[in-house]
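A.B. asks: Chain order of the listed sequences is S and C. Just so we're aligned, residue 17 is where the first sequence starts under the working numbering, counting upward by one. Just so we're aligned, residue 1366 is where the second sequence starts under the working numbering, counting upward by one.
Keep in mind that the hints are not guaranteed to be accurate.
[Said to hold, decoys possible] Sample of chain S residues lacking proximity to chain C, with all beta carbon distances greater than 12 Å (derived): (1) Ala67; (2) Leu106; (3) Glu123; (4) Gly138; (5) Thr164; (6) Arg165; (7) Gly222; (8) Phe238; (9) Gly249; (10) His263; (11) Thr353; (12) Asp354; (13) Arg384; (14) Glu386; (15) Arg403; (16) Arg423.
[Stated by the list, open to error] No more than 20 Å apart at the CA atoms, straight line, and that leaves these computed lysine to any residue pairs for SDA-like: (17) S/Lys170 with C/Asp1408; (18) S/Lys211 with C/Asp1412; (19) S/Lys170 with C/Arg1430; (20) S/Lys170 with C/Asp1472; (21) S/Lys290 with S/His256; (22) S/Lys134 with C/Glu1428; (23) C/Lys1576 with C/Val1587; (24) S/Lys170 with C/Leu1473; (25) S/Lys211 with C/Val1409; (26) S/Lys211 with C/Glu1428; (27) S/Lys211 with C/Arg1410; (28) S/Lys170 with C/Asp1429; (29) S/Lys211 with C/Arg1430; (30) S/Lys211 with C/Gln1413; (31) S/Lys211 with C/Leu1473.
[To be verified] Per label pair, the in silico range of CB-to-CB distance: (32) S/Ser228 with C/Asp1412: 15 to 21 Å; (33) C/Asp1472 with S/Asp362: 26 to 32 Å; (34) S/Gly389 with C/Arg1494: 56 to 62 Å.
No lab work stands behind these hints, which were simulated from the structure alone. None of these values were measured; they are calculated from a predicted model. A virtual CB, placed ideally from N, CA and C, is assigned to each residue, including glycine.
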Amino acid sequence: MAGNSEPLSPRAKLAVTAGKVAAGVSRAAGRGSGSVIGGKVALRFDPDLLARLARHLDVILVSATNGKTTTTRLLAEALRAGGPVVSNALGANMPAGITSALAGGSEARFGVIEVDEKYLAGVARDVAPKAIALLNLSRDQLDRAAETRMLAEKWREGLAGVEAIIIANADDPLITWAASSSPTVVWVAAGQEWKDDAWSCPSCGGVLQRPSEDWFCAECGFRRPTPTWALSGDHVIDPHGSAWPIHLQLPGRANKSNAAVSAAAAAAFGIDPKVALERMYAVQAVAGRYDVVSFQQRELRLLLAKNPAGWLETFSLIDGPPTPVILSVNARGADGTDTSWLWDVDYTRLAGHPIMVIGDRKLDLAVRLEVAGLQFRVCASLDEAVRSAPPGRIEAIANYTAFQDLRRRVGN
Amino acid sequence: MSESSLRLVWVYPDLLSTYGDQGNALVVERRAQQRRVPVTRVDVRSDQPVPTSGDIYLIGGGEDRPQRLAAERLRRDGGLNRAVANGAIVFSVCAGYQILGHEFVNDLGRPEPGLGLLDVVSVRGEGERCVGDVLADIDPHLNLPPLTGFENHQGVTHVGPQARPLARLRMGKGNGTGDGTEGAFNDTVFGTYMHGPVMARNPQIADLLIKLALDVNALPPVDDQWFEALRAERIAAAVQPA
Ligand SMILES: [Zn+2]
């Protein structure tokens, strides 16, 4: 159902206007982009606004623990081959932020929407999407997140009655569990480096057997579905067996995985994988992530890693030793206030790199690295950490608010 | 202790390793190696038998369903109980702590039998989850500096006469009973609600386990500057929350 065949009701128009005014006031007051406050005001005027705005669009929802913002960007680029796209590209991924983003795209044909994991089932009910892309689920924000398996269970219940085509990562047992109650699923072998949240069967609790790339439960028979799409090295294999090259400016295996899922999703909207993948090259940095900035005669690459799975993927994409690495960790509200997860990250992967640690919780990091037997230096600030590295490339890896601190300091 | 090396057993990482508690295994391993004590670490998955010949067993925290599965499998296996009967040292955290007791409330809301290795009984708390930094004074018999940790649980654990509370709270909820206690221990079995992980915040507890396992009174000192700096910061944070 594409195009603006059905005009917005007067009430919806008023709500959109009220939201835009509120967003403008918020921007003027220096409170960020204003998109969330705008959405909140608009939803108060018209609680059904999200559903009404989405009715004019072919919508795809994107959710995951890691990679949802990047995948949303890649997919938006791909779908632009078929028409104008509206998207919450800045990562405002709860209902208010989504409403605000959609209200700004009255000419669009496609809606590409990142959704926070906790809101996926509700948003899927509200906007009646044509497709939903599900990438991965893993531990995140231990002090307040719902259990990872419980989240998969909620997705499963919420998506069972949704008619959308689900594009799902068959290599993640929790994603498979969440998706497999849906009537139409396109399985993508998109890979999964982090496996420590899926050793027990989401269905029966048995121990999952994981010989090489396969996985299955010997007790209840729940097993990896046969994928029709696959990531294979630098290529995406489509259902006909054709291999399409991935060319991205974004680094790392995880982004190739995001591209593979995006190509499969784009195909559900009639976009040829070759075209989709070529268009994804245009995505350069995502909300500052992967950006390389000049700072004090060094080239700093800014990398966001919020949880053990994210750190693992990040270690696999950084330049090898002797490239220096700056690690920064905070534990403010948005990060989760428990730092125990640092012990689920295998920091021995950084052996050989000069390591500098900063951030509110640099002492937690120091103890972690000490126990890993690594050499490191604790620094009071980013400036001090950068000064202690030789000129050239530095990899800077930070969790959520620490990443924002980095961007602010380097003026990015 | 065995003749050749210290045998460290990490019980069920596939079920009880959700909150970074594998850090406890890493800290014990590291601190033994720094004292030139060779360590053999065995990670036992829940479809494998628990070896009975270990010196130190560690069990971590986990979510509600994995906790029930772990209790079922440990009861059926019996290896941990035999190891304790052989004199092994056990240190447990949160969900693992509850499993070592007589009983806890499982994910289905029903009482689930534990292993009976520690004289405690756990129930589900009525109020809010206990989340935040904790500070407590460890039982003077153990001769350890104050306990610092991060708690995140809804359990309430009652300590019976065959065990002693591990610590008296200065800040935090601990056992959640309102009597100011945190954790429990007897001669060889220890339990706590403290994450952090607890050995990273309290390396002296790792040393205590090593001493008990080796049956020695003292260990050579190691450089604790970063541990001490972290302890000072977290103790200050518990006393004066942000
Ligand atoms: Zn099963």
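A.B. asks: Compare the structure with each hint and give your call.
C.D. replies: Hints and how they fare:
Alanine 67 of chain S, annotated as away from the interface, keeps every beta carbon of chain C farther than 12 Å; the closest lies near 34 Å. No Cβ of chain C approaches the Cβ of leucine 106 of chain S within 12 Å, the least distance being about 28 Å, so the stated non-interface status holds. With a closest Cβ-Cβ approach of about 46 Å to chain C, glutamate 123 of chain S is found to remain outside the 12 Å limit, as its non-interface label requires. Under the 12 Å C-beta cut-off, the non-interface status given to glycine 138 of chain S relative to chain C holds; the minimum distance is some 23 Å.
Not every C-beta of chain C lies more than 12 Å from that of threonine 164 of chain S, the closest at about 8 Å, which undercuts listing it as non-interface. With a least CB separation of 7 Å from chain C, arginine 165 of chain S falls inside the 12 Å interface cut-off, contrary to its annotation. With 12 Å as the threshold on Cβ separation, the claim that glycine 222 of chain S sits away from chain C is violated: the shortest Cβ distance comes to roughly 8 Å. Distance to chain C confirms phenylalanine 238 of chain S as a non-interface residue, since its nearest Cβ pair spans about 15 Å, more than 12 Å.
No beta-carbon of chain C is positioned within 12 Å of the beta-carbon of glycine 249 of chain S; the least distance is around 30 Å. Chain C leaves histidine 263 of chain S outside its interface by the beta-carbon criterion, the shortest separation being 38 Å against a cut-off of 12 Å. Taking the minimum C-beta to C-beta distance to chain C, about 7 Å, the non-interface status of threonine 353 of chain S is violated against the 12 Å cut. Separation of aspartate 354 of chain S from chain C is inadequate, the least Cβ-Cβ distance of about 5 Å not exceeding the 12 Å criterion.
The claim that arginine 384 of chain S lies off the interface is violated: its Cβ sits roughly 7 Å from the closest Cβ of chain C, which falls inside the 12 Å cut-off. With a least CB separation of 5 Å from chain C, glutamate 386 of chain S falls inside the 12 Å interface cut-off, contrary to its annotation. With a least beta-carbon separation of about 22 Å from chain C, arginine 403 of chain S lies farther than 12 Å from that chain, consistent with its non-interface assignment. Under the 12 Å C-beta cut-off, the non-interface status given to arginine 423 of chain S relative to chain C holds; the minimum distance is some 23 Å.
About 31 Å separates the Cα atoms of lysine 170 of chain S and aspartate 1408 of chain C, which puts this hinted pair outside 20 Å; it is violated. At most 20 Å may separate the alpha-carbon atoms for a hinted pair to count; lysine 211 of chain S and aspartate 1412 of chain C meet this at roughly 17 Å. For the proposed pair lysine 170 of chain S and arginine 1430 of chain C, the alpha carbon gap of about 15 Å is at most 20 Å, so the pair holds. The suggested pairing of lysine 170 of chain S with aspartate 1472 of chain C holds, with an alpha-carbon distance near 16 Å, which does not exceed 20 Å.
Using a Cα cut-off of 20 Å, the hinted pair lysine 290 of chain S and histidine 256 of chain S holds, with the two alpha carbons roughly 13 Å apart. Straight-line distance between C-alpha atoms of lysine 134 of chain S and glutamate 1428 of chain C comes to about 18 Å, which keeps the hinted pair within the 20 Å bound. The suggested pairing of lysine 1576 of chain C with valine 1587 of chain C holds, with an alpha-carbon distance near 14 Å, which does not exceed 20 Å. With a C-alpha separation of about 17 Å, the suggested pair lysine 170 of chain S and leucine 1473 of chain C falls inside the 20 Å cut-off, and the hint holds.
At most 20 Å may separate the alpha-carbon atoms for a hinted pair to count; lysine 211 of chain S and valine 1409 of chain C meet this at roughly 16 Å. For the hint pairing lysine 211 of chain S with glutamate 1428 of chain C, the CA-to-CA distance comes to about 17 Å; that is within 20 Å, so the pair holds. Between lysine 211 of chain S and arginine 1410 of chain C the alpha-carbon distance is near 14 Å, which keeps this suggested pair within the 20 Å criterion. About 16 Å separates the Cα atoms of lysine 170 of chain S and aspartate 1429 of chain C, which keeps this hinted pair within 20 Å; it holds.
For the given pair, lysine 211 of chain S sits about 18 Å from arginine 1430 of chain C by alpha-carbon distance, which is consistent with the 20 Å threshold. A distance of roughly 19 Å separates the Cα atoms of lysine 211 of chain S and glutamine 1413 of chain C; the hinted pair therefore holds under the 20 Å criterion. Distance restraint check for lysine 211 of chain S and leucine 1473 of chain C: the Cα-Cα separation of roughly 26 Å exceeds the 20 Å cut-off, and the hinted pair is therefore not satisfied. With their beta carbons about 18 Å apart, serine 228 of chain S and aspartate 1412 of chain C fall inside the hinted range of 15 to 21 Å.
Take aspartate 1472 of chain C and aspartate 362 of chain S: their Cβ atoms lie about 30 Å apart, and the range 26 to 32 Å holds. Checked against the hint of 56 to 62 Å, the C-beta distance between glycine 389 of chain S and arginine 1494 of chain C comes to roughly 35 Å, which is inconsistent with it.
Of the hints listed earlier, those the structure fails to meet are numbers 5, 6, 7, 11, 12, 13, 14, 17, 31, 34, in rising order.
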